[in-house]
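S.K.: Sequence:
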Amino acid sequence: MQAHIPNSKFSIPLQSMKIDTAQQSLTSIDSESCSIYSQHEITENNNDQTPLIKNENIQLFDILPHTPFSMDLAELKQQNSTNHSYRSIPIVSGLNSSTNSRNYPSNVISNAKYNIFTFIPIFFYEQFKHFLNLYFLLVALSQFIIPLRIGYLSTYIAPLIFVISVTMGKELLDDLARRKRDNEANSEPYIILDNNLPKKSRDLKVGDIIFIQKDKRIPSDILLLHTNNPNGECFIKTDQLDGETDWKLRTSCAATQPFFSNESLFSLNAIVYAPPPIKSIHMFFGTLSIKSSSKDIYNYPLTVDNMLWANTVLASGDPIIGLVIYTGIETRQAMNTSKAGTKTGLLELEINNLTKILCVLTFILSFILVLFNGFEEKWYISLFKFLILFSSIIPISLRVNLDLGKSVYAYQIEHDPELEGTIVRTSTIPEDLGRIEYLLTDKTGTLTQNDMKMKKLHIGTLGYTNEAMSEVAAYIREYKNNSNTQYVGQRAKKEIGNKIRDIVFALSVCHNVTPTIDSNRNIVSYQSSSPDEMAIIQWTSSMGLTLHQRDRHTIQLCYQHTGELVEMKILHNFPFTSKSKRMGIIVQIMEKSNKDGDIWFFQKGADVVMQKIVMASDWLDEECNNMAREGLRTLVIGRKKLSKESYDVFVKNYNQAALNLFDRDKAIAEVIAKFLECNLELLGLTGVEDKLQKDVKPSLELLRNAGIKIWMLTGDKAETAKCVAVNSKFISRGQYIHIITKAKSKEYIIEQLEFLKNKQDSCLLIDGESLQLYMDFCKIEFISTATKLPSVIACRCTPTQKAEIVKLIQNYTFRKVCCIGDGGNDVSMIQAADVGIGIVGKEGHQASLAADFSVTQFYHLTKLLVWHGRNSYKRSVKLTRFVIHRGLLISVCQVYYSIVSGFTPIVLFKGWLMVGYATIYTMAPVFSLVFDRDVNEYLTFLYPELYKELTKGKTLNYKTFFIWVFISVYQGISIMLLSYIFIGLNKMKTLTTVTFTALILNELIMVIIEMCTWHKIMILAEIATLIIYIVSIPFLNDYFDLNYIKTIDFFWKTIVITSVSLIPPWIAKTLKRKIKPPNYAKLQV
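Using our numbering, the letters of the sequence shown map in sequence onto residues 4 to 1088.
Everything labelled a hint here was simulated from the structure, so no lab data went into it. All values reported here derive from a predicted model rather than from experimental measurement. Ideal placement from N, C-alpha and C gives every residue a C-beta, glycine not left out. Take these hints with a grain of salt, some might be off.
Unchecked claim - In silico DSSO-like pairs for lysine-lysine, Cα to Cα no more than 30 Å straight-line:
hint	residue 1	residue 2
1	762	955
2	572	584
3	762	346
4	951	762
5	732	951
6	955	359
7	584	732
8	760	749
9	694	502
10	615	677
Unchecked claim - Computed Cβ-Cβ distance ranges for the label pairs, DEER-style:
hint	residue 1	residue 2	range
11	424	779	36 to 44 Å
12	758	1077	45 to 53 Å
13	366	990	31 to 39 Å
14	625	1080	57 to 65 Å
15	740	625	15 to 23 Å
16	905	940	53 to 61 Å
17	360	1045	36 to 44 Å
18	1011	973	17 to 25 Å
19	945	817	28 to 36 Å
20	359	152	25 to 33 Å
21	359	1075	26 to 34 Å
Could you build the full structure based on these sequences and the hints that come with them?
M.R.: Below, the structure is given as structure tokens:
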């Protein structure tokens, strides 16, 4: 290949970044920093539109997708030599050993937590770093010390082995599932260009050139060398990388696009220089260096638009050829994958506190018995023996029971037919769903459908909506193709028809929508990251002006009634960002009669920024407010015609600003503001409707009645947020709305707080600017007042502000906060919340993937909280009570036996009895409580006040805990006292037979007494456990007096003992329900 290049400078794309790659590796660049791109190369010496490559094979690619600035390669190398060096990747046949020697990481995907060598040590470390497990390990190990041994060795080792085995099995199955998924991805075959043979994904190396077909996963970070598309374009799906569902456009490298065979590519004698891997998926700058036959070296810039990141999917129909640049842990996907922080539920923290009390109780009890024994010789051995004997007071199986219970709750949630599509991503906190006191919700896509429809068009003198839109279509049809200058030229007379055609034309041009064609079905669809833009383009098409084609360089519009095509060359594009709140585009209309067509700058954006850019208008502000009150999302549209001279001046200044190494974005923005964003002709105003989600109104009302305070956090304007709040019943009927917007002084915001303190039944509406003032000067005073209000609306909020509000509420109130949203801007608050819920929406899957629970509709939240959350909490509390009760009961029997045996550490229940008591003889009935429910589902929705009770934490507190401790002590003493009276200590086997049988029956009947609603699994567990115990009795001859079991004495004594232990607690419970019944009991039939 013989190529001619004007200069050999190294070009870097215009992006907001620091040149020091060491700093880049530590800093994640915001996607919106890469916000401005152009079509021409810029050099320091001139602003000529010089093509980078002059070659007949690559004429279509003589324009770069991004504006680069030029820098000598030596200068760049000197700036980057501090810590990292660029990697050089030759495009050659086979990978050179020199490249292999660089030890690039393997391309193996590994999400597994363990391997064959690390599973045992890591697992045991994770288990025994918890105090309870470590305590029981020490107890078990102590039995290997002869002086400390009590009874059989298996008595204390078997329960620990059982608990650890269950947890180990769960971890092993989870890890095997991860390995299976990894193996499927690692085994995907890809064709290597060098030999046309398949190669597994795991075996790909840096420098490999591979074929990728449609719908195939991108196996590593690759440089796009060639596509079958004549424009060198392809689309990729990035939803698994950044959560966005819209397709992303990627373009091949201009120098390699004409060559698709291995011979032609390898003959280029090219080397790719790529920077060290960094996290940002929105930044890449490298160079393609080609050495010509005359030994001259030509450098071509590479940008993020030439890169396809790993784990994205090729969406377009044409196959592509790519060069592997980064593999394995150096891919963007791997570098942006971090382990999610473990969330600990409030119930677990409360149980930990109760367990500490039980632990202290064990030590105190052991010390008292040693004390009463008079601190005999080697009293410390007796103390250790008592600690071992009473170890069952501390429930070793509680954690396993709760973890299994949470798995049941997660299964019930995911398989609820009314919550179709719901996913539990964090199974450790289902109980917290039942204790939410603050709900923070996004607006767009959460309360609303994010399904935009163009509803209103206003051109100053007239407004069009509903049926009147047919008049707009009629004006478009009246357009006659006499000459384009008749349409786009300056007009002295502002006719209504021309005004309408002007704004429809502007809306058809000023956007970032890309039409795609499904070749199989011959259907045109649109791709865009903005639902607003999609709605507007669909509306312009329905009016008769269709977006026919768009690529990096051109836009084609089609007038449907005539079939006429209007082609425009894209000179500059300024995409929308949340910071700028506007987007603009410079186009040149291509006319057959005029080689140099007219140049136009179109811009649309939020009214708050566009009011300063367009010419002064006496109707704009009023109409914007009117549309906002109707709940419409507004966009202001303007335009400006640029002469050739004024455009050249802009380009010259723009190029100079693009050469800045620091504050480049700021310099470019200043140039755009000076030469473009001033005195734009105001074309009109659009109103886009976003309908409310299904059943939003009753859902918000129910949640409010459940005692949950609801805040709306949105980036939309105050008027729109207020309108949606009123329409959705977010605000109660007749409720006063206190508005704080555009606050400038500390005195003003304090004055507003004083007003709110005296009117705490009102709703606060505050904008982001005013909110920031409160955060800076008086955040505690603000949050103390705001949390007392029934509802708060924060508009114009940034993602950071949303997360700050969550943390502020948590730190001030110590209450559980739930956040729900659907977009990437909601991720920060979802992750900061105690319970994060993501809605799978049209903005993508980012919120869903980052959340603890993923739902498909907002109204699913009510059942998730009021039914599943309430049940999960109440069931776990009841399960906790019984596991503690079970351990205390047998320990009290042991304490009593030690006392009557002269304060000596003698075992009452030996060997299998201790193991069987906590497992097959009681575990199933106790665990079956996870299927219990105190009221029917429809009652929880009819009386949402039942949910409010749980937030007070009265179901499990120190009072209820000590009540159950008292019940356990009473029942344990009753069983042992009566057994001692009836049998005495002389007949040890007989005593054990009666006592142990009474314990089992007591536990089974206590479960029955505490049940609120029978479930078939509960019935099965009770019957099966009783049968298992009866069947196992003949095998317990080492512990039981089997002959005594055959006598009448055994039956009547066991019945009497069990009755005495059970009847008083049952009477007390019955009287309490009669005298002061809980609210749920009042609703039971």
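S.K.: None of the hints should be skipped; say for each whether it holds.
M.R.: So, going through the hints one by one against the coordinates:
At roughly 25 Å between alpha-carbon atoms, residue 762 and residue 955 fall within 30 Å of each other, so this suggested pair holds. For the hint pairing residue 572 with residue 584, the CA-to-CA distance comes to about 24 Å; that is within 30 Å, so the pair holds. Straight-line distance between C-alpha atoms of residue 762 and residue 346 comes to about 37 Å, which puts the hinted pair past the 30 Å bound. Only pairs whose Cα atoms come within 30 Å are accepted, and residue 951 paired with residue 762 is accepted, the gap being roughly 23 Å.
Taking the CA atoms of residue 732 and residue 951, the gap is near 20 Å; set against the 30 Å cutoff, the hint holds. Taken as a hint, the residue 955 and residue 359 pair is honoured in the structure, with Cα atoms around 22 Å apart against an allowance of 30 Å. For the hint linking residue 584 to residue 732, the alpha-carbon distance of about 29 Å falls within 30 Å, and the restraint holds. Taken as a hint, the residue 760 and residue 749 pair is honoured in the structure, with Cα atoms around 17 Å apart against an allowance of 30 Å.
Note on residue 694 and residue 502: the hinted pairing holds, with a Cα-Cα distance of about 29 Å set against a maximum of 30 Å. For the hint linking residue 615 to residue 677, the alpha-carbon distance of about 12 Å falls within 30 Å, and the restraint holds. In this structure, residue 424 and residue 779 meet the distance hint of 36 to 44 Å, their C-beta atoms being roughly 41 Å apart. Our hint of 45 to 53 Å for residue 758 and residue 1077 holds, since their Cβ atoms are close to 49 Å apart.
The supplied range of 31 to 39 Å is met by residue 366 and residue 990, whose beta-carbon atoms lie about 33 Å from each other. Taking the beta carbon of each, residue 625 and residue 1080 are about 59 Å apart, inside 57 to 65 Å as hinted. Roughly 20 Å separates the CB atoms of residue 740 and residue 625, a value that falls within the hinted 15 to 23 Å. Between residue 905 and residue 940 the C-beta distance comes to about 56 Å, which sits within the given range of 53 to 61 Å.
Taken as a hint, the range 36 to 44 Å holds for the pair residue 360 and residue 1045, whose Cβ atoms sit roughly 40 Å apart. Between residue 1011 and residue 973 the beta carbons are some 18 Å apart, a value that agrees with the proposed interval 17 to 25 Å. A hinted range of 28 to 36 Å for the beta carbons of residue 945 and residue 817 is consistent with their spacing of about 31 Å. About 28 Å separates the C-beta atoms of residue 359 and residue 152, a value consistent with the hinted range of 25 to 33 Å.
Range check, residue 359 to residue 1075: about 28 Å between beta-carbon atoms, so the 26 to 34 Å window is met.
In summary, the one numbered hint that this structure violates is 3.
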